[in-house]
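**Student:** These protein sequences, in sequence, are chains A and B. Remember, my numbering sits 79 above the position in the first sequence when you count from 1. Remember, my numbering sits 68 above the position in the second sequence when you count from 1.
A couple of the hints might just be wrong.
[To be verified] Each computed EDC-like pair below joins lysine to aspartate or glutamate, with the alpha-carbon atoms no more than 20 Å apart:
id	chain 1	residue 1	chain 2	residue 2
1	A	K264	B	E175
2	A	K108	A	E144
3	B	K96	A	E144
4	A	K112	A	D186
5	A	K309	B	D213
6	B	K96	B	D213
7	A	K234	B	D213
8	A	K225	A	D182
9	A	K88	A	E357
10	A	K329	A	D258
11	B	K96	B	E118
12	B	K239	A	D239
13	A	K263	B	E175
14	A	K291	A	D186
15	B	K97	A	D260
16	A	K263	B	E109
17	B	K96	B	E85
18	B	K239	A	E325
19	A	K154	A	E97
20	A	K329	B	E118
21	B	K220	A	D239
22	A	K139	A	E97
23	B	K88	B	E109
24	A	K234	A	E183
25	A	K264	B	E118
26	A	K225	A	D239
By construction, these hints were calculated from the structure, which means they are not laboratory data. These numbers come from a predicted model, not from an experiment.
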Amino acid sequence: MFGYIRPFKPHMRYYEYEIYNSFYCGLCKNLGKKYGLLFKLMLSYDFAFLGILYNSYNFKCNTIERQRCIIHPFKKRACLCCTNNLDYTSAAAVISVYHKICDEIQDRGAIASLFFRIMRRFMKKSYIRASEKLPSIAEKIEHYMKMQIKIEEEKISSIDLACEPTAQIMAAIAENISDNDNDKKNLSQFAYHLGRFIYIADAYDDIERDQKKGNYNPLLLNFDDISQAKQFALQNINMSLGEAAEYYVKLNLTKFRSITDNIVYLGMPNFRAMNKKEIRKNRKAKVEI
Amino acid sequence: MNDPYRVLGVSPQATDEEIKTAYRNLSKKYHPDHNADSIMEEIANEKMAEINAAYDTIMNMRRNGNFNNANNNNYNSYNSNNNNNYNYNNYNNMSNSIYSEIRTYIEHGNYTAADNMLEQNRNDGNAEWNFLKATICLSRGWMNDAYSYYEKAVRLDPYNREYQMAFSQMKNKRSGQMYGNPYRNNNNTNDTVNTLCNLCQCLICADCLCDCI
Numbered sequence: 080m081f082g083y084i085r086p087f088k089p090h091m092r093y094y095e096y097e098i099y100n101s102f103y104c105g106l107c108k109n110l111g112k113k114y115g116l117l118f119k120l121m122l123s124y125d126f127a128f129l130g131i132l133y134n135s136y137n138f139k140c141n142t143i144e145r146q147r148c149i150i151h152p153f154k155k156r157a158c159l160c161c162t163n164n165l166d167y168t169s170a171a172a173v174i175s176v177y178h179k180i181c182d183e184i185q186d187r188g189a190i191a192s193l194f195f196r197i198m199r200r201f202m203k204k205s206y207i208r209a210s211e212k213l214p215s216i217a218e219k220i221e222h223y224m225k226m227q228i229k230i231e232e233e234k235i236s237s238i239d240l241a242c243e244p245t246a247q248i249m250a251a252i253a254e255n256i257s258d259n260d261n262d263k264k265n266l267s268q269f270a271y272h273l274g275r276f277i278y279i280a281d282a283y284d285d286i287e288r289d290q291k292k293g294n295y296n297p298l299l300l301n302f303d304d305i306s307q308a309k310q311f312a313l314q315n316i317n318m319s320l321g322e323a324a325e326y327y328v329k330l331n332l333t334k335f336r337s338i339t340d341n342i343v344y345l346g347m348p349n350f351r352a353m354n355k356k357e358i359r360k361n362r363k364a365k366v367e368i
Numbered sequence: 069m070n071d072p073y074r075v076l077g078v079s080p081q082a083t084d085e086e087i088k089t090a091y092r093n094l095s096k097k098y099h100p101d102h103n104a105d106s107i108m109e110e111i112a113n114e115k116m117a118e119i120n121a122a123y124d125t126i127m128n129m130r131r132n133g134n135f136n137n138a139n140n141n142n143y144n145s146y147n148s149n150n151n152n153n154y155n156y157n158n159y160n161n162m163s164n165s166i167y168s169e170i171r172t173y174i175e176h177g178n179y180t181a182a183d184n185m186l187e188q189n190r191n192d193g194n195a196e197w198n199f200l201k202a203t204i205c206l207s208r209g210w211m212n213d214a215y216s217y218y219e220k221a222v223r224l225d226p227y228n229r230e231y232q233m234a235f236s237q238m239k240n241k242r243s244g245q246m247y248g249n250p251y252r253n254n255n256n257t258n259d260t261v262n263t264l265c266n267l268c269q270c271l272i273c274a275d276c277l278c279d280c281i
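Could you put the whole structure together from the sequences, leaning on the hints where they help?
**Tutor:** As structure tokens, then:
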């Protein structure tokens with residue numbers, strides 16, 4: 080949804096990075112083929128991770144091909160080809176992207192939302208197709224998006240409540256990855272905390288902008304001082320990641336363990352370093368060895 | 069309604085502990101998670117509701133003091149004590165039994181029931197209350213609330229080991245510790261050096277022994 084579940088590139092082996100990219104590319108192609116070009120542009124890292132998680136449980140094929148695509152027309156990229164393994168993730172991605180667009184329309188005025196309205200118009204058909212595939216998830220996401228709107232309207236200051244919709248959506252998507260009851264429980268708890276992390280990290284990154292514009296941000300409602308609010312957010316993120324790690328260990332993944340380890344233990348705790356602003360700053364900075 | 073004692077399969081003279089173990093065994097047997105088949109599930113659910121109701125009635129009856137159990141030494145001694153003391157002890161006993169009941173609910177994953185009971189006793193506000201509330205918040209993933217409740221529990225009762233353990237775990241997570249982190253120990257190289265040294269030592273010792281023979 081927001082793209083905070085990313086790998087930490089500096090600590091990745093080259094082949095791990097290739098596999099990760101091939102997942103991203105395969106998912107993107109799958110989206111393009113089944114749901115149209117528009118969704119390709121909206122794909123986020125979070126769903127690449129969910130794709131890997133799904134394939135850690137139900138992996139069948141292992142062919143990575145080098146293919147061209149519209150976004151990278153000049154260079155062939157590693158791409159996971161047997162796309163039916165990514166069907167579940169792409170359908171879930173379509174459903175949540177569609178609801179995110181609906182949410183944007185709610186947040187903006189009549190004119191500002193025009194662009195999103197047009198987008199929604201084009202997405203509607205694909206959304207219906209995806210929600211037919213995963214009706215229970217579509218229903219849950221719709222329910223929690225309504226809850227989100229309510230929370231924003233009432234300006235609830237409790238950070239736990241504010242995180243609830245995003246966390247529950249992630250839990251609903253991840254829960255159906257496995258058929259085993261025990262795994263289901265662990266997956267949903269694990270994903271709940273990932274969702275919590277995503278929401279707080281997003282609030283953390285947007286805090287300055289929200290203060291200027293007077294938007295709803297649960298961190299600002301608890302603290303007047305921004306640095307205090309940020310510290311509070313980081314502590315909450317740490318708690319969520321700590322809890323997520325406990326469930327992650329219980330999942331006992333094997334197939335793509337090194338990649339998921341990297342994402343869980345390095346990528347997410349270092350989310351600040353991968354902020355776009357920071358990356359731009361780091362590109363210019365001299366590195367001391 | 070059926071006799072609640074018969075539902076749980078215990079005699080009316082059984083102690084609280086016996087009833088609790090009976091309840092635990094039965095609820096383990098009929099827990100919906102263990103009976104996932106469609107036919108068994110309905111029966112198990114019905115049975116589970118019956119067991120819960122029976123346990124509740126027995127506990128309520130005993131809490132209100134309207135059972136005359138000659139085996140229970142506590143009650144006998146209360147009766148012989150003076151009235152004031154009796155009331156105080158009875159109150160303590162009562163709130164303790166509520167909390168132990170809530171604990172059994174939490175053990176079985178029935179968080180809504182446990183939370184409802186806690187909310188009814190909200191004005192207690194003691195360490196145990198805060199601790200249990202924190203546990204429920206934790207199970208729901210409400211980390212911030214859980215942290216503040218744990219903190220309060222530890223402040224109210226600083227010498228309780230259970231509260232301390234839970235709170236320190238929370239604090240570790242808050243400071244960024246992640247369980248099972250493979251990147252945490254970067255001095256793995258030292259370990260290999262150590263094992264190599266050990267190996268050399270063993271070889272030398274073995275060599276010496278060979279000389280002796």
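**Student:** Out of the numbered hints, which ones does the structure contradict?
**Tutor:** 3, 4, 6, 20, 23, 25
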